[in-house]
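Participant: Protein chains in written order, with the numbering used here: chain A, 4 to 124; chain B, 1261 to 1373.
Careful: at least some of the hints might be erroneous.
To be verified - In silico SDA-like cross-links for lysine to any residue, where the CA-CA straight-line distance does not exceed 25 Å:
(1) A:K54 / B:G1303
(2) A:K30 / B:L1308
(3) B:K1312 / A:M63
(4) A:K47 / B:T1284
(5) B:K1337 / A:F114
(6) A:K47 / B:G1321
(7) A:K47 / B:L1308
(8) B:K1365 / A:M63
Rather than coming from a laboratory, the hints here were simulated on the basis of the structure. Quick caveat: nothing in here was measured; it's all calculated off a predicted structure.
Here is what each chain is made of, one letter per residue.
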Amino acid sequence: NAGVMQNPRHLVRRRGQEARLRCSPVKGHSHVYWYRQLPEEGLKFMVYLQKENIIDESGMPKERFSAEFPKEGPSILRIQQVVRGDSAAYFCASSPHFGQGRTMSSYNEQFFGPGTRLTVL
Amino acid sequence: GNSVTQMEGPVTLSEEAFLTINCTYTATGYPSLFWYVQYPGEGLQLLLKATKADDKGSNKGFEATYRKETTSFHLEKGSVQVSDSAVYFCALDSGGGADGLTFGKGTHLIIQP
Chain A
4 NAGVMQNPRH LVRRRGQEAR LRCSPVKGHS HVYWYRQLPE EGLKFMVYLQ
54 KENIIDESGM PKERFSAEFP KEGPSILRIQ QVVRGDSAAY FCASSPHFGQ
104 GRTMSSYNEQ FFGPGTRLTV L
Chain B
1261 GNSVTQMEGP VTLSEEAFLT INCTYTATGY PSLFWYVQYP GEGLQLLLKA
1311 TKADDKGSNK GFEATYRKET TSFHLEKGSV QVSDSAVYFC ALDSGGGADG
1361 LTFGKGTHLI IQP
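Chain B with its partners taken away, still in its complex shape (with noise of 0.2 Å):
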């Protein structure tokens, strides 16, 4: 079946540190790839998005790269901000959305000032 691994949290980082958030996937076919971000007490926002290989989704100074090689699809910023605070997911569509998304278990995210 499709499952979705992103390391594991907390992350804490300095304002204007670079971010990387490893993200995996196993699934069947040509899945498209997603990072929803979550603020506290808030729904999932969708943060950008890549539906195949090589592609590059990007929003808000967020990178993820569709590395169909290596399965993978890290999330990258290169200068974040306390405002970037939140928990990140990310998760896999593996065609027709007829069995929902697949979502990893999503790392959170602290910037200190």
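Just chain A, same shape as in the assembly (with noise of 0.2 Å):
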């Protein structure tokens, strides 16, 4: 039984390199959360997809930064021109459906991954 993948777990580039990070989600899960977590930091939400849709991608830096969830394969987050900022642990979480309304007791537990941390040089 499967917990969400992530790959690589650790990912070395030189500035204006493209970076490309991968998450499996667990399986039946159509729902992919992007977190960065920067160093002494808690995690920022950065984009939030269903397969095929990008439904709220307010925390994603507006340039050099893009996200998708394909019908078929990962989700892949990917960083062009990437800068020493960009170094940080990035972590993708799945869950298996939206909920329905802001009930009192509507949320969908997300699954962590073990992320990768990306490091540029």
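These two chains come separately, so use the hints to put the complex back together.
Facilitator: What follows is the structure in structure tokens.
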């Protein structure tokens, strides 16, 4: 019963290169979230995706960052022309379904992957 | 907007000591509240949760009670072990999950034998 898988676990890039981070959700989960954890900080929400749709990208930097969750295959977080400030741990989480409205008990437990630690030299 | 504030670390305790990690939140509506634990080099694991006021979440000897009147969700354990050493994150979900979880900055807990 595999949990959320992320690869690579560690990624080293030079400034200006591209970074591709992959996330395979729990089997049967159709919702994926990406978070970034900067050193000494908590996790910050970046983007929320369903299969083939971006639902909320309010936490994503406007430039150089993009995310997708295709019908088949893993979710991809792509960072173009990386800079040193992109060095962080990137975590993916998945959940089974979207809550219906904002009732007192509507929430979807998110299951987190082990993260990808990106280092930009 | 939503926010979570938790006590700064590191918190250093001796084995078998009593633990409290404070967490307060600001949110609209009826958030669900969580504590996650992150062991060195690993991802986050859900420790416990509470989805409505006065609920108590508990797991592995840890407890936290959802206090709407004080907007708090403090984490407690009666007797900590060395294996509890980790970073603990308080988080909230404002409902529906559309904007992800809002996390505190984390509290690094160090338990000395």
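Participant: All hints are to be evaluated individually against the structure, with a verdict given for each.
Facilitator: Verification of the supplied hints:
1. A:K54 / B:G1303: holds (23 Å)
2. A:K30 / B:L1308: holds (23 Å)
3. B:K1312 / A:M63: Status violated; Cα separation ~30 Å.
4. A:K47 / B:T1284: Answer holds: K47 of chain A to T1284 of chain B is near 17 Å, not above 25 Å.
5. B:K1337 / A:F114: holds (24 Å)
6. A:K47 / B:G1321: violated (28 Å)
7. A:K47 / B:L1308: Given pair K47 of chain A, L1308 of chain B holds - Cα atoms ~20 Å apart, limit 25 Å.
8. B:K1365 / A:M63: Since the Cα atoms of K1365 of chain B and M63 of chain A sit roughly 19 Å apart, the hinted pair holds (cutoff 25 Å).
In summary, the structure is inconsistent with hints 3, 6 from the numbered list given earlier, while agreeing with the others.
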